[in-house]
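Colleague: Numbering (full-length UniProt numbering), first residue to last: 1 to 216.
Certain hints may be false.
Have a look at the derived ranges for each label pair, beta carbon to beta carbon [to be verified]:
1. 20 with 187: 14 to 22 Å
2. 123 with 71: 26 to 34 Å
3. 26 with 105: 12 to 20 Å
4. 98 with 26: 15 to 23 Å
Derived SDA-like pairs: lysine to any residue, alpha-carbon spacing no greater than 25 Å straight-line [stated by the list, open to error]:
5. 108 with 89
6. 198 with 46
7. 198 with 131
Please keep in mind that the hints were generated in silico from the structure rather than gathered at the bench. Glycine included, every Cβ here is placed at the ideal spot set by N, Cα and C.
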Amino acid sequence: MSRTSALYHEELYRTDAIMRTIRDLPVTICGAGALGANIAESLSRQGFGRLRVIDHDRVEQRNLSTQPYYRSDIGAGKAKILAASLYRALGVTVETRMETLGVSNAAKLLSGSALVIDAFDNSPARAAVTEYCRTSDTPCLHAGLANGYAEVLWNEGYRVPSPTNDDVCDYPLARNLVLLTVAVACECVVAWAAGGEKRGYTVTLGDLAVTPMPIT
Numbered sequence: 001m002s003r004t005s006a007l008y009h010e011e012l013y014r015t016d017a018i019m020r021t022i023r024d025l026p027v028t029i030c031g032a033g034a035l036g037a038n039i040a041e042s043l044s045r046q047g048f049g050r051l052r053v054i055d056h057d058r059v060e061q062r063n064l065s066t067q068p069y070y071r072s073d074i075g076a077g078k079a080k081i082l083a084a085s086l087y088r089a090l091g092v093t094v095e096t097r098m099e100t101l102g103v104s105n106a107a108k109l110l111s112g113s114a115l116v117i118d119a120f121d122n123s124p125a126r127a128a129v130t131e132y133c134r135t136s137d138t139p140c141l142h143a144g145l146a147n148g149y150a151e152v153l154w155n156e157g158y159r160v161p162s163p164t165n166d167d168v169c170d171y172p173l174a175r176n177l178v179l180l181t182v183a184v185a186c187e188c189v190v191a192w193a194a195g196g197e198k199r200g201y202t203v204t205l206g207d208l209a210v211t212p213m214p215i216t
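Could you build all of it, start to finish, from the sequences and the hints given here?
Modeller: See below:
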């Protein structure tokens with residue numbers, strides 16, 4: 001491997017087979033907010049080369065502490081800005097869909113995915129993703145957080161949360177919890193891509209605990 005490769009250190013850590021697998025794996029990330037945008041960036045920097053990001057939102061001032069955007073991005077579409085940033089950084093082309101995902105268009109937006117990552121911040125969209133992946137037998141990893149707690153769960157053990165907590169931006173949200181959850185989620189994705197293993201975890205920031213959750 002070349003020392004000039006943008007993925008040099010990741011290539012040293014992973015096997016050649018894993019790097020080839022993740023390079024060609026079609027992954028759809030639902031949401032380009034605190035979790036989705038950081039997951040997309042992390043997966044790109046790990047070597048995932050076929051990412052699709054779905055998000056209709058635009059960058060706001062309140063997003064800047066937990067999401068990889070800049071003041072100059074305020075008002076622009078999150079998915080488009082994220083794709084442009086990753087292309088500049090790594091030369092990776094990220095497919096973007098600036099649409100609101102629901103029951104009526106879930107199949108259109110999610111089709112062709114080998115894996116779906118649900119990082120939406122609202123219950124109707126999460127429910128649409130959950131149902132599509134269940135009926136189409138598409139592997140789906142859900143990542144969600146509130147206050148000092150987070151979950152990373154596969155579709156088999158996932159329950160759509162109550163809509164009372166739909167807007168995480170109106171609740172306390174620590175950047176360190178976001179990044180810790182992103183790291184756990186991305187490692188779950190790699191483990192699944194490498195050997196089909198489905199790992200689930202809860203994360204609590206107060207005690208820095210990452211606790212395995214059984215798949216049910």
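Colleague: Each of the hints needs a verdict: does it hold here or not?
Modeller: Quick rundown of the hints versus the structure:
Judged by the Cβ atoms, the range 14 to 22 Å given for residue 20 and residue 187 holds: they are separated by roughly 18 Å. In this structure, residue 123 and residue 71 meet the distance hint of 26 to 34 Å, their C-beta atoms being roughly 30 Å apart. A C-beta distance of roughly 18 Å is found between residue 26 and residue 105, which places it inside the suggested range of 12 to 20 Å. At roughly 19 Å, the beta-carbon separation of residue 98 and residue 26 lies within the given 15 to 23 Å, and the hint holds.
For the hint pairing residue 108 with residue 89, the CA-to-CA distance comes to about 29 Å; that exceeds 25 Å, so the pair is violated. A distance of roughly 19 Å separates the Cα atoms of residue 198 and residue 46; the hinted pair therefore holds under the 25 Å criterion. In summary, the hint linking residue 198 to residue 131 is supported, as the alpha carbons are separated by about 19 Å, within the 25 Å threshold.
Hint 5 from the earlier list is the only one contradicted by this structure; the remaining hints agree with it.
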